[in-house]
Amino acid sequence: MMKVVFERPKSMFPVPTHYCPGCGHGIVHRLLAEVIDEFGIRERVVGVAPVGCSVFLYNYINCDMYEAAHGRAPAIATGCKRVHPDLILFTYQGDGDLASIGTAEIIHAANRGENITVLFLNNAIYGMTGGQMAPTTILGQRTTTCPLGRSPKREGYPIRIAEMLATLEGVTYIARVAVHNPRAIIAAKKALKKAFEVQINGLGFSLVEFLSPCPTGWGMPPAEATKWVEAKMIQTFPLGEFKVPKSEKG
Amino acid sequence: MGEKVLITGNEAIGEAAVRAGCRFFFGYPITPQNKIPEYLSYRLPQVGGCFVQAESEIAAIYMVFGAAGAGARVLTSSSSPGISLKQEGISYISAAELPCVIVNVMRGGPGLGGILPSQSDYFQATKGGGHGDYHLLVLAPSTVQEAANLVMDAFDLADKYCNPVMVLADGYIGQMMEPVEFKEKPPIELPTKDWAVTGAKNRPRNLIKSLYLDPEELEQHNLKLHRKYVEMAKNEVRVEAYLTDDAEILIAAYGTVARIAKTAIKILREKGIKVGMVRPITVFPFPYEAFAKISEEVDDILVVEMSLGQMIEDVKLGVCGRAKVHFYGRVGGMVPTYDEIVREIEKIKRSRVL
Amino acid sequence: MVGKIVIDKELCKGCALCVSACPQKLIVVAEEINSKGYHPAEFVDSDGVCTGCTLCALTCPEVAIEVFREEKP
Chain A
168 MMKVVFERPK SMFPVPTHYC PGCGHGIVHR LLAEVIDEFG IRERVVGVAP
218 VGCSVFLYNY INCDMYEAAH GRAPAIATGC KRVHPDLILF TYQGDGDLAS
268 IGTAEIIHAA NRGENITVLF LNNAIYGMTG GQMAPTTILG QRTTTCPLGR
318 SPKREGYPIR IAEMLATLEG VTYIARVAVH NPRAIIAAKK ALKKAFEVQI
368 NGLGFSLVEF LSPCPTGWGM PPAEATKWVE AKMIQTFPLG EFKVPKSEKG
Chain B
864 MGEKVLITGN EAIGEAAVRA GCRFFFGYPI TPQNKIPEYL SYRLPQVGGC
914 FVQAESEIAA IYMVFGAAGA GARVLTSSSS PGISLKQEGI SYISAAELPC
964 VIVNVMRGGP GLGGILPSQS DYFQATKGGG HGDYHLLVLA PSTVQEAANL
1014 VMDAFDLADK YCNPVMVLAD GYIGQMMEPV EFKEKPPIEL PTKDWAVTGA
1064 KNRPRNLIKS LYLDPEELEQ HNLKLHRKYV EMAKNEVRVE AYLTDDAEIL
1114 IAAYGTVARI AKTAIKILRE KGIKVGMVRP ITVFPFPYEA FAKISEEVDD
1164 ILVVEMSLGQ MIEDVKLGVC GRAKVHFYGR VGGMVPTYDE IVREIEKIKR
1214 SRVL
Chain C
7 MVGKIVIDKE LCKGCALCVS ACPQKLIVVA EEINSKGYHP AEFVDSDGVC
57 TGCTLCALTC PEVAIEVFRE EKP
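If you're matching them up, the sequences are chains A, B and C in order.
Heads up, the first sequence is in our numbering, so the first residue is 168 and it goes up one at a time.
Heads up, the second sequence is in our numbering, so the first residue is 864 and it goes up one at a time.
Heads up, the third sequence is in our numbering, so the first residue is 7 and it goes up one at a time.
In case anyone wonders, no lab produced these hints; they're calculated from the structure.
Don't take each hint at face value.
Facing chain A, from chain B, some residues (calculated, C-beta under 7 Å) [unchecked claim]:
id: 1; residue: Ile870
id: 2; residue: Phe914
id: 3; residue: Gly932
id: 4; residue: Leu1053
id: 5; residue: Pro1054
id: 6; residue: Thr1055
id: 7; residue: Trp1058
id: 8; residue: Arg1066
id: 9; residue: Arg1068
id: 10; residue: Tyr1075
id: 11; residue: Leu1076
id: 12; residue: Pro1078
Positions of the beta carbon are idealized from the N, C-alpha and C atoms, including for glycine.
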């Protein structure tokens, strides 16, 4: 007798996505839906979708949702959470949304210790608008707006959001993970589960940064893109937990 | 309640919001409205509400978006440059059909400008400000008492139309102290907020959005918004006709300037010049009809503003060439005195006789 | 066989991440194309060696793979 050991999570609409072949968004969306299912919180989850490739997050995840203006998701989440502290709020943001236009909003939501969970998808590029440089584009990486490759003198250094936010006293859980192979994906899900647990237990602000491939933006096939995450991105953006809840510390 | 208190306009605005059932405020300090966030920072916790000083006016307007989308009565306030920052958010809130109240305590502009009063944001308030085909319902109080009354009405109007409502005040109204009575408002019937984000329990999920990539869909959405503004124009115009029955010359003014004009009118009538005033209270929807009617009775209308001529364009639209429209304005924080207004009317009177 | 997978050919975009993920190389990119023009992944396990490890499904961005495993008696 065969039993199902892996199937589509209930919180995901059974529709094809608009994402490119090999895009990391699909994986992270699925992890999000799995975590929502496993905690049984779909009816009290509220998401805030960004502007970027994942603007259509609401077409894929079945829960109450807002569509935010570019970068403002943490502010919208703050507004909703203050009205309904019992709901579980998450924002889902790309590197342009969170690390460029939305830098003030993410830092201050984190600093206020808003009891929300942020999913930060870092693919070192602006996907939706055609592959421009992101604040997280790594040194030497070529994009449509740094065709000679990012250099510190011309474009500055890539920004490390997880490390930066972890310096704030008001944050509770900050982790960076990756989704470029099954092992990394399993670890990523653990971190995401932990982040939601922090919120469910009312412990404060949690953020998980997901390093993700963008085959189209990087100009390489999906398999090669996953190797690029391993070989190049992790050097600039080390994986790990940068802040954990007080109860965990020794 | 029947009790009169002597408070600043800013505090009256804050208290009126609380009396109207508003329990959420998101804002940022900017002169001359700082007393609104300051007052609400201690008043809201008293009534179990929530006050957040946001990191910027931009963040504040999006917190409003979040709270309004969650079904709450929510207020933000700012002054001219801060209102400029909020424009994108206001466009989003209008597109997503969310109710909220936005208070602009106008100051001198453009740019950083000055901290004294002006009426230089009329265009911004009534002609858009943000991108796209949308409008705010805009209420313009003239006294501290009226500011309190209009703020209370604003929350009902916002819920009625699922649209942001702006209360357009200026630095004088915000900062001066006058006696205010917070009247008990009889509750009115309002639509239920079943579209609100409250957790998708026992219902299909709700989505608060403004993106419609299909042009046919987006056009239909725009037409839906437009029908609301047509309804507002039919039902919500508010205007004060002051001594217009026997007026030979008319003043058009709103807000603080209208008050000053009332003194000028008193002086002019003592001098034998019969002057009246049409004072718009809603500047959107604008009382075009009131001006159309009065311009059949008078030959000259003097528009007085603390700007270089913004409301005058709407006055001219209403008047439609039936009367001569004159203008007098002061800017930069300068406020016209009743003497100056008297002089302008006397000039008009003299030019008619010649 | 201990395990088997079912790939939804219409959801699949032929990214082939599952091909790399399978430790037993039981997935190939098909010759045929689906209605969107992609070459979908295809499960080929004539010897019945799939263990239902789910590594393929874990890495699939389209949730196109369902995994089944025999229940232990």
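Evaluated hints:
1. Ile870: 26 Å, violated
2. Phe914: 9 Å, violated
3. Gly932: 6 Å, holds
4. Leu1053: 18 Å, violated
5. Pro1054: 18 Å, violated
6. Thr1055: 16 Å, violated
7. Trp1058: 10 Å, violated
8. Arg1066: Status violated, d = 9 Å.
9. Arg1068: For Arg1068(B), the interface hint holds, since the closest Cβ of chain A sits about 5 Å away, which is under 7 Å.
10. Tyr1075: 11 Å, violated
11. Leu1076: 10 Å, violated
12. Pro1078: With a closest approach of 17 Å, the Pro1078(B) hint is violated.
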